[in-house]
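Each chain, written out:
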Amino acid sequence: MITVAFFKAAIIAGIPLLFATLGEIITEKSGHLNLGVEGMMLMGAVIGFQVGYTTNSPLLALLFAAIAGALGALIYAFLTVSLRANQVVSGLALTIFGTGFAGFVGKSLMGMKMTDQFNYFFRDLKIPGLGDIPYLGEIFFNHDIFVYLGYVTAIVLGLYLYNTGKGLNLRAIGENPAAADAASIPITKYKYLHILLGGALCGLGGAYLSLVYVPVWQENITAGRGWIAVALVIFSGWNPYKAIAGAFLFGGLDIIGFRLQGTAIAISQYIFDMAPYVATIVILVLVSLRKSKKNAPPKALSEPYFREER
Amino acid sequence: MADRSIYVEMKDITKRFGSVIATDHMNFEVAKGEIHALLGENGAGKSTLMNMLSGIYIPDSGHIFIDGKEVRITSPRDALKAGVGMIHQHFKLVDVLTSLENILLGYKTGLFVRKKEQKIKLQQLMEKFQLDVDLDKYVYEMSVGEKQTLEILKTIYRGARILILDEPTAVLTPQETNKLFKIMRRMKEQSCSVIFISHKMNEVMEIADRITVLRKGKTIATLEKESTNPQELTELMVGRPVDLSIKRIPALSDNIVFQVRNLSAVNEEKVEVLKNISFDMYEGEILGVAGIAGSGQKELCEALAGLYPIKQGEIIFKGENLAGKSPKEFITRGISMSFIPEDRLGMGLVANMDIVDNILLKQYHHSKGIMVQRKPAAAKAKEIVKKLEIQTPGIKEPIKNLSGGNIQKVLLGRELDSHPELLITAYPVRGLDINTCLKIYDILNEEKKRGVAILYIAEDLDSLMGLCDRIMVISNGEITGIVDARKATKEQLGLMMLGNKEVHHAV
Amino acid sequence: MQFRIVIKSEIGKKKRVLIFLGSIIAALIVSGLFLAFLNLNPFQVYIAMLQGSVGSVYRIEQTIIYAIPLIITSLGVAIAFKMKFWNIGAEGQILMGAFMASYFALNYSFLPRFILLLIMFFAGFIGGAVWGIIPAFFRAKWGTNETIITLMMNYVALKWVVYLQYGPWKDPNAFGFPKIANFAKNAVLPELFGVHIGWIIAVLLTIFVYFFLNRSKKGFEIAVLGESVNTARYAGINIFRTIIFAMVLSGGICGIVGFIEASGVEQTLTKDITGGVGYTAIIIAWLGALKPQWMVLASLLFAILIQGSSYIQSAFGISAYSAQLLEAIVLFFVLGSDFFTRYKLIIDWPSLLRRTKENGK
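Quick note, the sequences are listed as chains X, W and F, same order. Counting from 73, one number per residue, gives the positions in the first sequence under the numbering used here. Counting from 4, one number per residue, gives the positions in the second sequence under the numbering used here. Counting from 10, one number per residue, gives the positions in the third sequence under the numbering used here.
No lab work stands behind these hints: they were computed from the structure. It is possible that some hints are incorrect.
What the hints assert, rightly or not - Facing chain F, from chain X, some residues (calculated, C-beta under 7 Å): (1) 155; (2) 168; (3) 175; (4) 179.
What the hints assert, rightly or not - The list that follows gives simulated cross-link-like pairs (lysine-lysine, DSBU-like), each with its CA atoms no further than 30 Å apart: (5) F:93 - W:399; (6) W:504 - W:273; (7) F:353 - W:14; (8) W:403 - F:300; (9) X:314 - W:119; (10) X:314 - F:150; (11) F:366 - X:261; (12) W:399 - F:227; (13) F:226 - W:389; (14) X:261 - W:122.
Said to hold, decoys possible - These stretches of chain X come out as covered by chain W in the derived footprint (C-beta under 8 Å, 3 or more residues): (15) 244-252; (16) 255-263.
Glycine included, every Cβ here is placed at the ideal spot set by N, Cα and C.
All chains should be built: construct the whole structure from the sequences, respecting the hints.
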C-alpha cells in the first residue's frame with residue numbers, strides 16, 4: 073500500500089490544500105486573517121465548474137474560478153481594510169456566504185460531468201528528464217498541468233516574499249504597519265492586492281476539486297479543506313516553500329483512510345478520516361512548543377491599521 | 004552665532020481631536036543648522052505639532068513653509084519629499100528584518116533588491132554623519148541605542164535634512180545620550196536642522212540653540228538658550244512660579260524590614276538575569292535603584308512580587324521568607340508593586356476598564372464570597388481621585404481616555420491605598436511633566452513619613468539623587484554598589500551602571 | 010486628499026441602535042434586489058418569512074425551539090470570548106455533549122425519567138467540558154493557537170459521531186439505514202407550553218451567565234485576563250486555572266445544548282444534530298457584544314430569519330441555500346456598519362470636486 077501510487081495520489085490530494093494555503097499565507101502576510109478560505113474555495117469550485125461546463129474551455133474555467141475567489145476576497149477586504157471590521161467574524165461571514173453561493177449555483181449542476189475534451193486538458197503529462205527518475209519521477213513529475221502550476225506558484229511566491237522589494241514591503245506591513253507607513257508604503261493598496269490574490273489562489277484550489285479531483289459537482293465538495301489550509305499556514309510557518317511539504321503530507325493523510333479499507337487493519341474508515349484533523353492538532357501543539365522568531369505569525373495579524381490612532 | 008536663515012516655518016496651526024483642541028493657532032520656526040528644543044508639559048501639543056510637520060496628522064487649519072515655499076504635507080511621504088523626517092519614541096522598525104532591509108523598505112528597487120549597491124551608498128552616508136550601524140544585524144538583536152541610530156540613518160538616507168526627535172533620550176543611558184548629542188551636533192555642522200522634543204530640562208539646556216515653550220496647545224515663547232535658565236523655562240511651561248527642588252526628608256529608623264539574600268533568577272533562554280542580589284531595606288527609607296534599561300530592574304521587581312521564578316535566594320519580609328510564594332500571597336502580606344512600562348498601561352491596569360474596576364483589581368480578593376463588591380471600590384475610587392487630583396470626567400470613564408500622568412496617578416493611588424508596608428515602584432514618573440513629578444515625590448515622601456519602606460526604581464539620576472536616602476546600582480543583573488544618595492555623583496553612578504563595582508561601599 | 014477618516018468620540022447607545030437597524034434595512038434592500046433578480050416580489054417573500062416563523066402558535070413554538078440552542082451556545086461561547094479565547098469549537102462541544110447524553114439515554118433507559126434526564130444533563134455538560142478543556146490546556150500550557158485546534162476538534166467530534174452512527178450504535182431495526190435508535194420516552198425532555206423544557210434551561214442559563222460575567226469574581230478575572238495577560242498576572246490571577254475554568258464552563262454549556270437537542274428535539278443522536286449552531290452562535294455572540302440580553306435578542310431574530318427562510322423554500326421554490334446567503338448579507342452589512350460607530354468619514358468636498366473635474370477633462 074505504501075507505494076509509488078500512494079505518494080502520487082498524496083500529491084494530487086494535496087494540491088487543493090497547497091493553493092488554499094498559499095493564498096492564505098499571502099493574505100496573512102499582509103496582516104489579515106481571512107477565515108473565509110472554505111467559502112472562497114467553494115466559490116471558485118462552483119464558478120469554475122459552471123464556466124467550464126458552459127464554455128467547455130478549461131482556461132476560462134480556471135480564470136473565472138480565480139476571479140470568483142478574488143471577488144469573495146474583495147468583500148472581505150472591503151470590510152476589514154476599508155471599514156476596519158472584525159476580521160474573524162468577517163471571514164466566517166464569507167464562509168457562510170460562499171457555502172450558500174456554491175449551494176445555490178450548484179443546484180443545477182448536480183451530477184453533471186465535463187466532456188472528454190475538457191478532461192483531456194488535465195491529463196497526466198510527464199516532464200521529460202525529471203519524469204524518468206526512478207520512483208521520484210513518477211511521484212512528482214508525471215501529473216496534470218494544474219499540479220505543475222501549483223509547484224510554480226509556490227516557488228514564485230517564495231521568491232516574491234524573500235527576494236523582492238515588494239515582498240519585503242508586504243512583510244513589513246504584516247509585522248509593523250506603522251513602520252511600513254512611515255516608509256511611505258501604500259498600505260491600503262498592498263492589502264487589497266494581496267488579499268485579492270490570496271482569494272484567487274483559494275478559488276483555484278477549489279476549482280481543482282471540482283474540475284480534476286472529484287470531478288463532478290457535489291455539495292460540500294471542499295469538506296473542510298479550507299479550514300485545514302488555515303492550519304497549514306501555521307504549520308508551514310507562513311513560508312511558501314514549507315507549505316509544499318505540508319500540503320502533500322496532509323494530502324496523504326486525507327487519503328490514507330480510504331486506502332486502508334479492505335486491508336488487514338480493521339479500524340473503521342471513519343476513525344481514519346479523523347487523521348488529518350488530529351494530525352493538525354498534534355502538529356500545532358508541537359509548533360507551539362518550539363516557539364521561535366522564524367516561525368512566528370506576522371506580528372500585526374488581525375489588527376486593523378489606523379494612522380491617527382491616539 | 005552664524006547667520007541662520009529660517010528653514011521651517013509653521014504658521015497658525017490648529018488641530019482638534021473630537022472636542023479637545025490639541026494645537027491652537029500655533030506658530031513655530033526653525034533655522035538652518037540649528038538645534039531647536041520644543042519644551043512643554045504632557046498634553047501641551049509638542050508631539051501633535053511635530054506629527055503634523057511629519058505628515059502623521061493633518062492640520063485643520065494653518066500653513067507650513069519649508070525654505071520659504073509653502074508645502075502641503077498629508078503623509079509621511081510628503082514630509083520626506085519636503086525634507087522632514089521624524090524619529091518617534093516608538094521606533095518604526097520591523098524586528099524580523101535586518102538594518103539594511105528596514106532602510107530599503109518602501110524604496111523603488113526594481114524587481115530584485117540590489118543589496119550591494121545600496122550598502123555602498125549607505126557606507127558613505129554613515130561616514131558623513133558619523134553614524135555607526137551594522138547593516139546585516141536583525142533589529143530584534145539590537146540595543147535601543149543601536150535602533151535609534153538606525154532610525155536616524157534611515158531617515159537621512161531618504162533625504163531628510165530636518166530631523167525631528169521625539170523624546171529621544173527617554174530610553175538611553177547617559178553614555179548613549181552623549182553619543183546622540185554628538186550626532187546632533189554633526190548634523191548641525193552639515194547645515195541640517197534638528198528639532199528636539201523633550202521635557203528634560205538639563206538636556207535641553209545642554210544641547211539646544213533655541214527653545215520654544217508650549218503650554219496647553221499654545222506657543223508661549225521662543226528663547227535663545229544663552230538668555231534663559233531652567234527656572235524661567237519651567238515657569239513658562241507650567242504658567243506659574245515653581246519650586247524645582249526635590250525635598251528629601253530624613254529616613255525614619257534603623258529597623259530592617261526587608262532583606263534580600265543571594266537572589267538569583269534565570270529567564271526562558273536560560274540566561275541569568277539576576278545574579279546573587281543581596282540588600283536590606285529600613286523602615287521609612289527610600290532606596291533608589293539606578294541602572295541602564297534592561298539591567299534586571301523588571302525581573303527584580305517581578306521577583307520581589309512573586310511574579311518571576313527564582314532559582315535561589317531568600318526574600319525576607321518581616322521575618323518571613325516569601326521566596327517561592329504566589330503573587331497573591333505577596334499582596335496579602337502588604338507588599339505592593341507597581342511597574343510603569345514604556346506603554347504605561349501594559350501592567351497593572353486595564354485600559355478599557357474604568358477606574359472603579361481597576362481599583363477592584365487589587366481589592367476583589369478581600370471581599371467574601373464569589374461576587375465582586377463594586378460599591379466599596381467606587382467609594383475608594385472617588386477618594387483617590389480627590390486625594391491625588393486626578394483629572395477625569397468621572398470614575399466610570401475608561402482609563403485609556405485619561406492622559407498619561409493621570410493614568411499613572413491612578414496606578415500609584417491604587418497601590419498606596421492598599422496601605423502597603425513595602426512599596427516597590429518602578430518608573431512612577433516616566434514621561435510625566437515636572438509638576439506632576441513633584442506631586443508624586445510628595446506623595447512618596449508622605450508614605451515615607453508613615454514608615455513605609457520604598458524601593459524606587461528610576462531612570463533619571465536627578466530624582467534618584469534628590470529623593471532617595473541610598474541608591475543601589477544594578478548592572479547586568481548584579482548589584483555594583485549601594486551608595487549614600489547625598490554624597491553620590493553622577494559620574495560615580497554612571498560608572499557603576501556600566502558595571503564597575505564600587506570599591507567603597509557606603510552604609 | 011479627498012476624504013479621510015477620524016476616530017469618533019464615544020457614541021451614544023441610541024445612535025448605535027440606529028446604525029444597527031440601518032444596516033439591517035440596507036441588507037434587506039440588497040437581498041430584495043437579489044430576490045427581484047429571481048423574478049420574485051421581495052415584499053411578498055419577506056412577509057411570507059414572517060408568516061412562516063411567527064405566523065401561528067405552532068410556528069412560534071418552532072422558532073423558539075430553533076432559538077434555544079442558539080441562545081445557550083452563544084452564552085457558552087461568550088464566556089470564552091470574554092477571555093479572548095476564540096472558541097470556534099462549539100460544534101464539537103455540542104456533539105460530544107450529545108454523545109455523552111445519548112450514551113445514557115440508550116443504555117440506561119430503565120431509570121426513572123427524572124433521574125435519567127438529570128444524569129443526561131450532567132453527562133452533556135461533561136462531554137462538552139472535556140472537549141473544551143483539551144484546547145484550553147494546550148493554550149494555557151504552551152500558548153497553542155486555540156482557533157485552529159477547536160476547529161479541528163469539531164471535525165474529530167463529527168467523525169466520531171458518524172462512526173457511531175454507521176458502526177457500533179447503528180440501529181439494527183432501521184432496515185440497513187445508518188441511523189441510531191430513537192430514545193425511549195424516558196429519555197425525552199418533557200414539554201411545557203408546547204416547547205420542550207429546554208427553554209427553561211435557556212432562561213436559567215441566561216440569568217446565570219449574566220450574573221457570572223458581570224458580578225462574580227471569576228467573571229471579573231476572565232474579563233481582566235481577556236483585556237491584558239500581564240495585568241492579570243500582576244493582579245495575582247492564576248492564568249492557567251482561569252483559562253481552564255472558563256473553558257470547562259464554556260464547553261460544558263455548549264455540551265448542554267447537545268443534551269437538549271438530542272433529548273428534546275431529535276430524540277436520538279445524528280451527525281446533523283448541531284445544524285451549524287456552533288458557528289452561528291459565534292456570530293450571535295459578536296452581534297450581541299457578549300452581553301446576554303442582546304444575544305438572546307439576536308438569537309430570536311436569527312431564528313425568525315432561518316425559520317422564515319425554510320418556509321419560503323417550499324412556498325416559493327427558493328433553494329435552501331438562500332437562507333445562508335441572506336444570513337451572510339445581513340452579516341456583511343452589520344459588520345460594515347460597525348465602522349460608523351467608531352469612525353467618522355470626513356469628505357473634503359472642494360478637493361473631491363477638483364479631482365472629479367480633472368478626471369472629467
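Here's how the hints hold up against the structure:
no.: 1; hint: 155; in the structure: 4 Å, holds
no.: 2; hint: 168; in the structure: 5 Å, holds
no.: 3; hint: 175; in the structure: 3 Å, holds
no.: 4; hint: 179; in the structure: 5 Å, holds
no.: 5; hint: F:93 - W:399; in the structure: 23 Å, holds
no.: 6; hint: W:504 - W:273; in the structure: 25 Å, holds
no.: 7; hint: F:353 - W:14; in the structure: 27 Å, holds
no.: 8; hint: W:403 - F:300; in the structure: 22 Å, holds
no.: 9; hint: X:314 - W:119; in the structure: 28 Å, holds
no.: 10; hint: X:314 - F:150; in the structure: 26 Å, holds
no.: 11; hint: F:366 - X:261; in the structure: 24 Å, holds
no.: 12; hint: W:399 - F:227; in the structure: 21 Å, holds
no.: 13; hint: F:226 - W:389; in the structure: 27 Å, holds
no.: 14; hint: X:261 - W:122; in the structure: 29 Å, holds
no.: 15; hint: 244-252; in the structure: holds (count 6)
no.: 16; hint: 255-263; in the structure: holds (count 3)
Comparing the model with each numbered hint stated earlier shows that all of them hold.
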